[in-house]
Each structure stands twice: as C-alpha cells, then as structure tokens.
Amino acid sequence: MPVPKWLVVARNEYRIHTSSIRKIRKYFPFLTIGLLVVYVLFIAPAVVSLFIDDFLVFIISVAAVPMVQIILFMFFFYLMLFPISDTLREVKTEQLEIFLASPVKPSDVLLGEFLGKMPFYTIAITVITGTFTALLNPLGLDVVQNAIIIIVFVITFLSAIWIGTVIAAILRTKLGKSVRGKDVGRALSVIIVLPMIAVMYAIIGGGLIEALIDPTTSGTVRTFLGMLPSSWGAEIFVGLASNPNNISAFGLETLTRFGSLIAFFVAVLWLGAKAANRAYSLESTTFTASKAKPDGLFYKTVKYLGGGGSSGTLLASIFKDYGRRLENLSWIAYVVGLIAMLSIFLSDPFSSPRDPLVILSLMAIPLLTGFVVGTVSRGKETLFLYRKSPNGVGRFVKARLLQGWLVAVPIAAAIMAVSTILVPQVTLFSLLINTIWGSIRTMASVAFLLGLALLIPVFAEESRERTLGIIINLQVILFTTIGLEIGFSRFGLSFRRLLPNLEPFTGLLLDHLLQTAIISLVGIVLFYLGKRKLSRIE
Amino acid sequence: MKILIRTDKLSKYYGKGSEIKAVDELDLEVYEGETFGLLGPNGAGKTTTVRLLNCIIKPTSGTATVNGHDILKEETDVKRVTGLLAESPGLYEKLSAHEFLEFMGALYDVPSDVLPERIDDLLKLFSLYDRRDYLLEGYSRGMKQKILIAAALIHDPPILFLDEPTSMLDPRAALMVKDLIKGLADRAGKTIFICSHILPVVEELCDRIGIINQGRLIALGTIDEIITQTKTKTLEEAFIAITGGVEEKELLAWREQKGAGA
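First to last, the protein sequences are chains D and G. Using the working numbering, read the first sequence as starting at 1121 and increasing by one per residue. Using the working numbering, read the second sequence as starting at 70 and increasing by one per residue.
So that you can see chain G by itself, here it is in the shape it has in the complex:
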C-alpha cells in the first residue's frame, strides 16, 4: 500500500534549551485512502503535528514527506496536495460564503472556469447554497465549520487534515460531517488525517489511530489492536490507561475538608 504521509523522527521543541517538546521524534506512516486518527489530551502535540505536516511551522529536527514531497524542501507542493481544517480557524467574517470560497479557490489556483461550479456544488452539498451571499459573521458555529470544510475541499486535495472537525457542531451537523468524511474516504479515495480528543468520532471514522501524549507517539494501530494491547474493553479505557487519569477516590476529596459545605 502506498504511503502518503511519512514522518521521520519529526520533532518540534520550544523554549530555552528546547525544554518544551511539543512533538518529540514522531515516526508515523499513513497509507493512501486511509482515515487515520491522531488522539491525545489537550496540549499533547496534535495541532503542532498537523501544522508541521502542512508546512505552517518548521520542525526543530527530523522531517516528513506528504504525498512524496519533503516538508522542508517542497513546501509549495505539500501545500497544494493538502486541505486543512484548522482547530481554531480564522474566517473572514466580512465576506459572504461565496466570496470566501472564491478567495480560497484563488489562493490554491483552482482554474477560474472550474471554480464557480465547484463553489456552488460545495455550498449545495452543505445545504448553504441559499445563504451563499450572506456575510459569514451571521453564520452559526456549525455553518461556519461547514464553510471551513468546504474551503479545505475547494482544490480537491488528495489528503485532508481535519483538526477537531466536529468539536463545535450540534449532533445533526456532526453527523453530516461524519458522513461526509466517510464518503470522502470511501467514494472519493481521500486520505484523511483526523486530530481529535472526541473518542466516538475517532472510533467511528478511523481505520487506524495513533495516541500522542506530551509530544510522543505512545500507541499505534487499529482500535482493536490498541484495546487488546492495553487489556481493556473500550477505546476510552485504553486511552485512559495509556495517557493516565485521576483516581476515582480523589475526585470528591475536597468535600471532606473542614468547612467545605456552604
């Protein structure tokens, strides 16, 4: 199977003496057509990994290839073959949905004879065609998320990076996005790299997952493999077993302190 994303000791350190290891010697392979999930608690290094793989920031050491392009030497090529839904993305709120997608299409050099039709198709797909001329400032969070996913798809890239794709969505919109991701993987053959800490989403969508904590990849495989490795019953239990959690008895300890009651 063709490897589309390969990282080789990919590292990103911050601070004096590189004491903060946002990503630490990450070795990872993602195959063509696969939906890969990168799981981890907040601050584990998921977003940094995505930014490194999209050439938004540069690694401290190590490297990676995306669709065969080196992230250090072929930035522009990497950017052309990837679509990114960022975790806290910036929308131009003073643009309409149509204007925003037109702008994004132009940034990615989508041919002008193809772009209008593609924008209309994406807006119809996300049921936003009737609101295409409304400014984005008036959109709900879910609608904005749909526009951002549409923007990530505007140049029809073979690889999609989705950083917390359903975190801001209501159940109906989340279901729609999940169905879309499945469709993109199954019918359009896209390779999808999802970052999330919402376990059911990852469980439902991903063929394989990696668990990252404090910058290090600490588990890799299918969900069943990880559950088996950790001798647990669910992905949630496996995740807690791998990343650590608070002991149940400690949770209400504060109530036993003197005068804690109102």
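So that you can see chain D by itself, here it is in the shape it has in the complex:
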C-alpha cells in the first residue's frame, strides 16, 4: 500500500528543516523530547516558583481574564504570523512545479507542509503550555481540569499555526510569480510585525490592561478580544484556575467555550483544505510589467545634487534602484512606525527638549541609517560593474554616501522635529537646534554604517542574510553610541561635568556634538577602509 502523500510531503519537509543537523537527525526527536520533559517537570516549576505568590493573587483578580486574553492573543498572533513572515521573507515557488506535475492533491501538500514543520512548533507549544501548567500546579487543579487546559492551549496554537500556514501558502502563490510580488512579500514581512509591537507597547505603557479592566472604557477592545478563539481559551483557563477541583462551578460555560474552540479548529482545518487549490497554482495572475516613467522633478533634482553629468546620473540610478524596492521603503516605514508607537503608547516619552535628542540618537537614527545603507549591493555582479568602469568603486561609494544622506537625513530631521513638537511648551529655538542636530547626527551615522557595510559587505540576494548583516552592523553602532553615552556621563568626559555652570540643554548638546564628531571620525576611517576593501574584493 502506497504511503499517504501528505506523509511523503511531511517527511520531506522535516528532512529539509533538519538538514543542518543531519548527523544527529535520528536522535533529534529523543533529545528534544528529553529536554522538553526536563523543562516541563523541573525548569518551568522552578522558574514560576519565583513569582508564584504574585500569580496566585493575580489569578483571582479582575485583571486575570484580560491579561491572559492578551497573552494568549499575542501567542496566537505570533504563531500565526511566524509561517507567514517566514514565507514572505523569501517567496519561493520553484518547487511548486514538482508538486503540480506529480499525482498529489494540493490539500495533501498543504497538510504535509504543516505536519512537516510541526515538530518545531510542538517545541514552542510545549514550552508555553508547560509554563502555564506549572503556574497552575500549586492551585491543585484536578486531572480533568489540567487536561482541558492543555487541550485548550494545543488547539488554540495549532489553529493559529494552521491559519498561518494556509495564508502563507496562498501569499506565496500570489506573490511568487513576479519579481514585484516577491518584493511586496519582503516588504510585508517587515511591517507585518508592527501590530504585535503596538500591542506590546500598549501593555507596557499604554494602559491596555487597565483599560480592559475598566468597564467604562473597555467596550470595543473587549468585544473584539472576546470574538477571538484565544480569548475563549483564556476564559476557560482563568475559570478553571479560579475554581480548582470544582469543574461544576464553571461547567456549562467551560463546555460551551471548549466546544466552540474545537468547532473553530475543525472549521479552519476544513476551510484551509478547501483553500489549498488556490494555494498551489502556477496560473499567471498578472502580466503587468513594472514600467519606469521618464525622470521627473525629483530625479532631476537628485541628478543636480549629485553634481550633474555622469556623477548625477550615477546617483540617480542608485536612488532609483533603492526607491523602487518596496522592501527598502518598508524598513523606513518600520522605523517610523516604531517611533510613532513610542510616542503614542508610552506616556510622555518626550517631556523635555533633551528627550528626543537622547532617545532618537540612541535608537531611531542608528536603526534608520542601518536599514538605509546596510546593503552595499545585491549580488556581486553589480559591484563588478563598478569595478570594471574607470574609478568606478570610488564613484560608487561616494554616490552611496550621498544617497544615504539624501534618504536618511530628511526622514531623521522630520522625526526629530515632530518628536520635539510633542514636547510641552517647546521653543522654536529648541525645535531648530534639535532638527539640525538630528540631521548632523544622521550624516555621521550614515558614514559610520556605510563604512561598516563596505568593510563587511553582504552580497546575498536573500533577505534573511542581508538583514542579519544589517543587524550585526547595527549592534556595532548601538554599542558605540551607548558606550559613548556611558563614557560621557560616567567617566567625566561630559561638558556638563567639566563646566558645571553650563546650561543643562547646552551641555547636553555639546556632549552630543562631540559624540557625533567621534562617530564621524570613526565613520570616515571605516568608509575609506571599506572603499579599499571593495576595490580589492575577489
């Protein structure tokens, strides 16, 4: 009897994901199960024992239901997002033809892909469920109550992963057929996490939990949360935890929610299988090729700013290649979104003119510049174009520096200006100073990070490898910036410390200007070393 096709696909998927540990593949399940048993039986109880007293007070409080709702919603959302984000980062449809040419049903492929990744998701599900059951252990829940809670967690998370897998498969098919679609996918993979961050910020500083507890303010959000299956699970969890050994106290409600959760799981499984035919198709969806318009005022200005002639054309070409990739724009949107959420959710992040200066120089400017100039070129082929042309590398890196400034400086200046305007009773002088200072700091940061990117270039087309390279460079500048900040404040290098009579804001400004000068100097050195490296790269 032939092996079921979903099992063939699942086995293949498992092999692909364990290819890096092929030598221990046989032992991997046993090792994992062993480690998970140790976690569930020993580590999780030990960890939760540190805050179990607080938890026992919490679980009978009014905050318990909304808090568990939010926590489960975040796990649900994250587990759903994971396969989507993973697929969008590198949309690949090449293997589709293998499946479509073979006698396999699309639903078998979908189920196989889902089950093939399941061992890894099971690790996450076990860790989360194990932690929650460890929390409940001191309450003395009976076996049935514990079993219900474990089933609730498993079903909730499996539903999330299945929904994510189906959406990912559909998006892969829709987006993977064109270069533009793949670019859209990469862009989405960046900004898709923003809602998750928004929820986190809202919990940390936005008073989300407090608002949910307050019956006068929680209406819409509570209704929305109540509709989510993760919330049904949360209510079962809290209901059982508040009535240990007394399942009848919560009987009908538990049963209804439990039944709804199972019905939801069955429904999403069925709908997913139905959607599989759409998810696996090589039918072309569009024949619209992206077309470049003649250069308008913007690119004419860029050419002018690049010195006109061939230098201006070079700068405009680099600008076009950058700006026409949605992935690049999505990184900018991501950074701007982060700052916006910081302002919206955290209470009074900018209470004095010095706050934007400090907060944005530590986080926003390095992040922004890192993503603007973090990739030198996509593939070595582009680099070799410059290497072949007379003085090509020198002209290329200068154009990249100028392009980095032209992109990052206006955005950073705008972020700085808006953040400063949010400061109560801000003066025009502070606004101007902060904006100018933000621009100068960004220019230094661009030189620093471009130098680093040139020195340790990543030429990969794959988004994952490029992002890793950018993150490594970001760590360098973040450590440098924080190091300078600590050095100035702790070790007496500060103007404020050397000249105690100096007005505090002026002192801070001078400190930051000195830091910026240091970053610029290091940036120039890195830039020239990077340029040399690029000229010699084989």
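Rather than coming from a laboratory, the hints here were simulated on the basis of the structure. One should not assume that every hint holds.
[Said to hold, decoys possible] Cut-off 25 Å, straight-line C-alpha distance, at most; resulting in silico cross-link-like pairs (DMTMM-like, lysine to aspartate or glutamate): (1) Lys78(G) x Asp178(G); (2) Lys1225(D) x Asp1206(D); (3) Lys127(G) x Glu1403(D); (4) Lys1225(D) x Asp239(G); (5) Lys163(G) x Asp239(G); (6) Lys1146(D) x Asp202(G); (7) Lys163(G) x Asp190(G); (8) Lys1212(D) x Glu162(G); (9) Lys1294(D) x Glu162(G); (10) Lys1394(D) x Asp190(G); (11) Lys1297(D) x Asp202(G); (12) Lys1297(D) x Glu156(G); (13) Lys1146(D) x Asp182(G); (14) Lys1394(D) x Asp146(G); (15) Lys1146(D) x Glu186(G); (16) Lys251(G) x Glu305(G); (17) Lys1146(D) x Glu162(G); (18) Lys1225(D) x Asp225(G); (19) Lys1143(D) x Asp199(G); (20) Lys193(G) x Glu156(G); (21) Lys1225(D) x Asp202(G); (22) Lys213(G) x Glu1582(D); (23) Lys1237(D) x Asp178(G); (24) Lys1508(D) x Asp1441(D); (25) Lys1297(D) x Glu1214(D); (26) Lys78(G) x Asp146(G); (27) Lys1225(D) x Glu272(G); (28) Lys163(G) x Glu143(G); (29) Lys127(G) x Glu156(G).
With chain D fixed as given, assemble chain G onto it according to the hints.
For chain G alone, coordinates are given in the frame of chain D:
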C-alpha cells in the same frame, strides 16, 4: 502508429479579454516512441504547452489527451504517465541527491522495494553515486540538471517532457544528456517531447519538430520537410524565415548616430 499525445484546439489565454494568447488553438499529434521537438523563440508558448500537457495549468479552451488520458478529466492518470524536466525547476537544496530522488519516487508511488535500487541505478548512470549523500546546494548546475532528469525518470514513465534539457550544461554534460535522450528513445522506447530554442540539439535528437510563435503552431514536420517548405538550406535559416529576424543592415545602425563613439 499509436498517437500518445494529441491536442485539440488547445488554448491558454491570459489577461483581461484574453488579450495574451500564450497558446492559441494548438493541434498536434505525437506518436509513440517518437522524439518530438517544439521550437520557438522566448515567450512563444513552449513552456505553457508543456505545463498544459502535464496538467500543471488548465487550458482556457480545447483539450488534449496524453497516453489516452484526458488532461481535463484524468489529471492523476496523466501525471502518472509523464515525467517532466521543467525549464526552471525547483530543487530542494537542503536535501541530498538520494533524499531528493527518494522523495520524488514516493510522490509518484514507486514501490518501496523497487525504489532504492532504482535510485542507485540512476545515480550510477549519471555518475553521481559517490556524491549521493551530499546536499544539492553544493552541486554544480550540470549536476543539478542530471538529478532533475533522474527525478523525471524515477517512475519510469512512457512519456518524457524535457523543457530546455541542455540549456544549463557544459558541452560534456550536454553530450551525456543527448546520448541519454537518444538511448531512452531508441532502446527504452520512450516518447520524448523536447522544448528548446537550441537548434543543434533539436536537429540532432528529434524525429519531427513543430515551430511555435506567439502561441500558434506555424510549422510541423521533419527537419528536411521544414527546410524544403521554407526554401532554405539549414534549420537555422528556416527558423528565422518562419519566426522573423532582424535585418543585417540594421544591426550597426546605432554607430552611425552622432557622438556614439566614446
């Protein structure tokens, strides 16, 4: 002679109002044991035809039979009797050659008592047996192509579709693939459908050819017949005569423009 592939006004249109005719009313017959070549410039409709005949995409109108199975009604049967080497195929780079062929064999229900021996035979045939446990990500293009041809043969189908089988290969590997195709046709009696725009390959391997341009079949017959029909001397000249080409005098016109020289 038994007809193994027959298309009947097979069409595939795309876009609003079906303005893009990828394949347009294709009528074609391919006989058992024959090596048939479908020639055409890039974007002519060759790959779309192959995808239609392998039930990867559905026709807008018309139909076809492959080994007697209707592509609209008997998809699974069609897929079982065909092997496909796609133009831009996806390999699982994180699998070894052995693992990949094992996966492909399982997809096509090759019995588990036959599969290991067949994988070994194919790997030996393509001189890759010693590298069977290496991940495919480390293979050269030629080696990957060999693995894909082996995958197309894993269930020993009577009909093989080879879309640009030698396009990525070095001369030695290309020669090996051509010899293999000849062997499959002559000794194993396979029916082979080759898509290519590399004329010498088609010339060397195919018993009959069809020339497709903008979705329409514009010539069909043996190579000699097509050369005779077009009153040319070579297949290359016949191909250009049928599909159109750039006039020689136009090729260097750009140099005569003012300031074109560096």
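How the hints compare with the structure:
About 32 Å separates the Cα atoms of Lys78(G) and Asp178(G), which puts this hinted pair outside 25 Å; it is violated. Annotation: proposed proximity of Lys1225(D) to Asp1206(D) holds, straight-line Cα distance about 24 Å (limit 25 Å). Restraint check for Lys127(G) and Glu1403(D): the C-alpha separation of about 8 Å stays at or below 25 Å, so the hint holds. Our distance criterion of 25 Å between C-alpha atoms is broken by Lys1225(D) and Asp239(G), whose separation comes to about 36 Å.
Taking the CA atoms of Lys163(G) and Asp239(G), the gap is about 24 Å. The hint holds against a cut of 25 Å. Of the supplied pair hints, the one linking Lys1146(D) and Asp202(G) holds, its CA atoms being roughly 16 Å apart against a limit of 25 Å. Distance check on the hinted pair: Lys163(G) and Asp190(G) sit about 22 Å apart at the alpha-carbon level, within 25 Å; holds. This hinted pair checks out: Lys1212(D) and Glu162(G) have alpha carbons roughly 12 Å apart, not beyond 25 Å.
At most 25 Å may separate the alpha-carbon atoms for a hinted pair to count; Lys1294(D) and Glu162(G) meet this at roughly 23 Å. The hinted pair formed by Lys1394(D) and Asp190(G) fails the criterion: a straight-line CA distance of about 40 Å is larger than 25 Å. Our distance criterion of 25 Å between C-alpha atoms is broken by Lys1297(D) and Asp202(G), whose separation comes to about 32 Å. With a CA separation close to 15 Å, the supplied pair Lys1297(D) and Glu156(G) stays within the 25 Å bound.
With a CA separation close to 22 Å, the supplied pair Lys1146(D) and Asp182(G) stays within the 25 Å bound. Of the supplied pair hints, the one linking Lys1394(D) and Asp146(G) holds, its CA atoms being roughly 22 Å apart against a limit of 25 Å. Our distance criterion of 25 Å between C-alpha atoms is met by Lys1146(D) and Glu186(G), whose separation comes to about 23 Å. Taking the CA atoms of Lys251(G) and Glu305(G), the gap is near 22 Å; set against the 25 Å cutoff, the hint holds.
Only pairs whose Cα atoms come within 25 Å are accepted, and Lys1146(D) paired with Glu162(G) is accepted, the gap being roughly 20 Å. Annotation: proposed proximity of Lys1225(D) to Asp225(G) holds, straight-line Cα distance about 21 Å (limit 25 Å). Under the criterion of a C-alpha separation no larger than 25 Å, the hint pairing Lys1143(D) with Asp199(G) is consistent with the structure, at around 18 Å. Annotation: proposed proximity of Lys193(G) to Glu156(G) holds, straight-line Cα distance about 24 Å (limit 25 Å).
In summary, the hint linking Lys1225(D) to Asp202(G) is not supported, as the alpha carbons are separated by about 29 Å, beyond the 25 Å threshold. A threshold of 25 Å between alpha carbons decides the hint, and for Lys213(G) with Glu1582(D) the separation of about 20 Å falls inside it, so the pair holds. Distance hint between Lys1237(D) and Asp178(G) is fulfilled; the C-alpha atoms sit about 23 Å from each other, no more than 25 Å. Restraint check for Lys1508(D) and Asp1441(D): the C-alpha separation of about 19 Å stays at or below 25 Å, so the hint holds.
Among the hinted pairs, Lys1297(D) with Glu1214(D) is consistent with the structure: their alpha-carbon atoms are about 9 Å apart, no more than 25 Å. The suggested pairing of Lys78(G) with Asp146(G) holds, with an alpha-carbon distance near 21 Å, which does not exceed 25 Å. For the hint linking Lys1225(D) to Glu272(G), the alpha-carbon distance of about 38 Å lies beyond 25 Å, and the restraint is violated. Between Lys163(G) and Glu143(G) the alpha-carbon distance is near 33 Å, which puts this suggested pair outside the 25 Å criterion.
Proximity of Lys127(G) to Glu156(G) is assessed by CA-CA distance (about 18 Å); at most 25 Å being required, the pair is judged to hold.
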